[in-house]
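Student: Please build the complex by placing chain B on the supplied structure of chain A, with the hints as guidance.
Just so you know, the sequences run in chain order A and B.
Under our numbering, think of the first position of the first sequence as 1, with each following residue one higher.
Under our numbering, think of the first position of the second sequence as 1001, with each following residue one higher.
Since the hints were derived computationally from the structure, they do not count as laboratory data.
Do not rely on the hints blindly, as some may be mistaken.
[What the hints assert, rightly or not] Computed spacing ranges between beta-carbons, pair by pair:
(1) 44(A) with 1034(B): 51 to 59 Å
(2) 1256(B) with 44(A): 13 to 21 Å
(3) 15(A) with 1024(B): 20 to 28 Å
(4) 25(A) with 1160(B): 27 to 35 Å
The structure presented is a predicted model; accordingly, all values stated were derived computationally and were not measured.
Glycine included, each C-beta is placed from N, C-alpha and C at the ideal position.
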Amino acid sequence: MATTQNFTVGNSWTRIASGRADGQVVKIEGAGPFNLAVTVGAKSIPPDIPPQTGHRVTGKTDLPLVAAQHLWASAATPTNLTVT
Amino acid sequence: MASATKRIILSSGWVKIAEAKGREAMAMIDAYGAVQLAVADGEPPRGDVASGHSLNGSMMWPVKGAEIIWARGAGVAVSVTLLKVVPEFATLDSAALKVATASAQAVATAAAGAAATADAKAVTADNKATAADAKATEAQTVAANARRAAGPIPQEFGAVGDGVTDDTAAMQAWKDYVVSNSITGMLPTGRYRATALDMYPYQSYAIRGDGDRQSIILIDNPDRAAAGLKFTHPSNPSTRGRPYQVSDIGVDAMAGTKACLIEDRYAGGSKWNRVRVEGYHGSTGVRMEKCWNVDINEMSVWGCGHNVVAKTVPEGVTFSIAASSTTMTASGPVFSADDVGRTLTLAINSTATPQTFQIVGYTDPQTVTVGAVRKLNFTNAPGSFGGVRGSMTTGSNVLTLEADVLTSDDIGRKIYVVSAALNGSIPRPLPAIISGVSGTSITLSAQAQRDVALAELVFDPAVDFGDADFSVNERTNDLYCSGLHIERHRGCGLVLTGYNMSFPSIKVHASGHTAINHLASNIQMLAYDAYGHMDGVFSQVVSSNVGRILATGQDAPLSLSWMETMLTHDMPTIRMQDCGDGAAVDIGTIKGLGNGQNQNAMDGCLSTDGSGLIMARLIGAPGQSYRRMNVVIPTP
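The shape of chain A in the complex, shown without the other chains:
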């Protein structure tokens, strides 16, 4: 069952979603520009690349995540995200 959550992300990586075995799509919408990165593993440890790198997003995007994949977000200034 999908659940919508809100996050405020800043200049560090914040985990905003984890994947499921069925590869369900995660919908992300930001109030401003933000960056995304993905990690893989049983443990939830932030990406090893600096915040504000990775994939730049303005507006909204959809990503299919599978089990053990974790989605992280950062932004230059505190930015509200809506994640489902």
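Tutor: Frame of chain A, contents of chain B only:
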């Protein structure tokens, strides 16, 4: 844990940024400047690709099969994430796998048929042959995909497997994923370099490779206190793990590695199948303690092990002793009065088995007397003194060596001090870790429970099944080891203790004629406190004539069904020492014991200090084709 999002700084040449590896995936690419992109199957873009697709920003690019995405753009940063848009492998059930496998087999069969047809008409049907080749390639790809579908592979977590790249993070993420889903992880052919991996089985899992010479984990870790593949719980070593299974892999040490290659404490129900371990001399290959119901099937351990000689022979000095003589001479001054009691191993040439002599009398710096005569002449033979010995007093953790031969580099080594501990009232080896070195004074992690003088020492055995804990619920119990091959180690090959241990086939074989260069060993195999039974077919355990089996401690009911081609020396081949009541070593049959030696030396092959019984049936001895032995021989 691994970051699936990679940040890559491009150059003017093509750089691989994403690879499908036989799977369907979606590559998410974000270029922080102007770059060019191109795709090629399994190789860089062709030389005639003058320019690729332009990108300055984000795009999604689906890839599959052998496709690789390449990019170029000097100094531009690119972020890439490979998203798995197909259902995760973990959710594929066995039926799906069977379908994939059947598909691969069907295509392969079709390809084989087409190939046969093409062969028959090769001259006139090149196009058919080409089609057959294409189908065969397709069949291989499908088969590879089917195999990968059986479980995740490290490459999906960022591993490279080229033997150069540090794959630690990717391998850890792969293992973590396999464990968290309690599935089988596949380790494709490759050389995966890692410093240390937490392999603890929080849940049952399995790892399966392509073969012990194909799927290799390279341990690159100079920390003597560390373990390369650590199946022990990372924070609470006494937490017994879930059953796991490791099959068809190799574990190799890179130069400079001092870490134990495989460590497991408190394993429960684990299985090792067709695993090869290969390390440098100086450290332990496999260390397992307190294991319950562990099955080891076809494990070979090459190299590893450590020994420290009491005294080194100066370069160029050789030794001579005539057949039937007890006087040994050296080509230069090497002996001292302190050498009485030490052993010296000589090699006649590069092919003959070395023989060990015990020095019983000192004459001058170039002449000593040895304990037993031989039928062989040694002329200008190279030699090595035996292992260093040490003394301890009750309640002290200081080991005093007979010679100043250790350095600070030895701190962290495992050591066994023979007969320095007690199990009830019965002496047993004292296992400890070296924590300090100051000249001949060695500080250990454990205290002696009884006084010992010039006790023999075992350092970092190649395979360590020893233990310090003797409570019923803590010790190794039911270790079944079918096909354990320990070869070319230095020092002690195997330390063994536990309940009900069975070794249907085992070989502990030191370096043979190269033992001189590899340093002699006093003890090839140390078996102690074997409650229940410790039985098996021990083949050539001491055939190299360097070192011996030492059985000691409570009970010690060691059963060796068959031994062959042992030669005698001043140190008995099998020695029972400080054993409890009822201790016995039962050697079903010995063939070739004492071959080439006189009767006294032959009898000296089997020795007890009166505390244990050795039983054997001997065949093939000189002058006696058959002899039944039931011997209790006092200390020589």
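Student: All hints, please: hold or fail.
Tutor: Structure-based check of all given hints:
no.: 1; hint: 44(A) with 1034(B): 51 to 59 Å; in the structure: violated (35 Å)
no.: 2; hint: 1256(B) with 44(A): 13 to 21 Å; in the structure: violated (34 Å)
no.: 3; hint: 15(A) with 1024(B): 20 to 28 Å; in the structure: holds (26 Å)
no.: 4; hint: 25(A) with 1160(B): 27 to 35 Å; in the structure: holds (30 Å)
Hints 1 and 2 from the list above are not met by this structure, while the remaining hints are.
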